[in-house]
Amino acid sequence: AQSVTQPDIHITVSEGASLELRCNYSYGATPYLFWYVQSPGQGLQLLLKYFSGDTLVQGIKGFEAEFKRSQSSFNLRKPSVHWSDAAEYFCAVGASGGSYIPTFGRGTSLIVHP
Amino acid sequence: ETGVTQTPRHLVMGMTNKKSLKCEQHLGHNAMYWYKQSAKKPLELMFVYNFKEQTENNSVPSRFSPECPNSSHLFLHLHTLQPEDSALYLCASSQAGSSLSGNTIYFGEGSWLTVV
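These protein sequences, in sequence, are chains D and V.
Residue 389 is where the first sequence ends in our numbering, and the numbering goes up by one at each step.
Residue 331 is where the second sequence ends in our numbering, and the numbering goes up by one at each step.
Careful, some of the hints might be misleading.
[Unchecked claim] Listing some non-contacts, in silico: residues in chain D with all C-beta distances to chain V over 10 angstroms: (1) 304; (2) 311; (3) 326; (4) 331; (5) 343; (6) 350; (7) 367; (8) 379; (9) 381; (10) 388.
[Unchecked claim] Derived EDC-like pairs (lysine to aspartate or glutamate); straight-line CA-CA distance at most 16 angstroms: (11) V:256 with D:283; (12) V:233 with V:300; (13) V:267 with V:282; (14) V:255 with D:283; (15) V:233 with V:324; (16) D:343 with D:290; (17) V:267 with V:300; (18) V:256 with D:363; (19) D:343 with D:363; (20) V:237 with V:299; (21) D:336 with D:363; (22) V:255 with D:363.
Read the hints as simulated data drawn from the structure, not as lab findings.
Idealized CB from N, CA, C, for every residue including glycine.
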């Protein structure tokens, strides 16, 4: 079975600074990888996903993520954070075979200082 | 607009009430999910339906009763809940078994439930 770890519970950045949120996964084969964002009181919105091919994936709202098989990581990045990016971010890993239900991390809360 | 619609968005109910949460997906997916999200806790998968058949029930108390009449609609019937059941309930859908979509899950906006 797959698993996913988001090591940081909270991250604080200043507006305009760069951002990197960490995600590490465990899965024996090539995983399906996802990042979601959840604004307060809302559902989870898909930011981007990786299935295969180019390991650098572009998403919505200016986010990107890079799949690094050697490090079992799929970190989310943004070059310049806006105050509206303050939210909860969830990484998820899905199996390319077997159970089709992705496993979600515990989430990282992003705080943006003006 | 995510293609997954949940109603009501907010619900307050007493412990002896019976109420239902409704979810409808307009994405043509074959799988639907209920998740529970409580403060300070990870996302909890409650139920999964694939082609209207329940395939997952993660030890959810019987006071939560799901119903999936077709691949587009999912209900969560609530009966004699406890205050600790107060949470955000998220419905989701996906095209299970599709290598093209990678089983990408799409969520609704959620239903905030408060049990008093």
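Least C-beta distance from residue 367 of chain D to chain V larger than 10 angstroms: Violated, because the least Cβ-Cβ distance between residue 367 of chain D and chain V comes to about 8 angstroms, which does not exceed 10 angstroms.
Residue 381 of chain D and chain V, when compared Cβ to Cβ, separated by more than 10 angstroms: At roughly 5 angstroms from the nearest Cβ of chain V, residue 381 of chain D sits no farther out than 10 angstroms, so the non-interface label is violated.
Least C-beta distance between residue 331 of chain D and chain V, which was stated to exceed 10 angstroms: holds (17 angstroms)
Least C-beta distance between residue 311 of chain D and chain V, which was stated to exceed 10 angstroms: Incorrect as stated: the minimum Cβ-Cβ distance to chain V is 8 angstroms, not above 10 angstroms.
Residue 388 of chain D non-interfacial with respect to chain V [C-beta, more than 10 angstroms]: holds (23 angstroms)
Hint consistency between residue 233 of chain V and residue 300 of chain V [alpha-carbon to alpha-carbon, up to 16 angstroms]: holds (14 angstroms)
Hint consistency between residue 336 of chain D and residue 363 of chain D [alpha-carbon to alpha-carbon, up to 16 angstroms]: Judged against 16 angstroms, a Cα distance of about 14 angstroms means the pair holds.
Given as non-interface: residue 326 of chain D, which should sit over 10 angstroms from chain V by C-beta: Given a closest Cβ separation of 5 angstroms, the condition is violated.
Restraint status (C-alpha distance of residue 237 of chain V to residue 299 of chain V at most 16 angstroms): Violated, at about 21 angstroms.
Restraint check for residue 256 of chain V with residue 363 of chain D, where alpha carbons must lie at most 16 angstroms apart: holds (13 angstroms)
Pairwise hint evaluation, residue 363 of chain D against residue 255 of chain V, where the allowed Cα distance is 16 angstroms at most: holds (12 angstroms)
Residue 304 of chain D remote from chain V - nearest C-beta pair above 10 angstroms: holds (13 angstroms)
The structure fails to meet hints 2, 3, 7, 8, 9, 15, 16, 17, 19, 20 from the earlier list, while all remaining hints are met.
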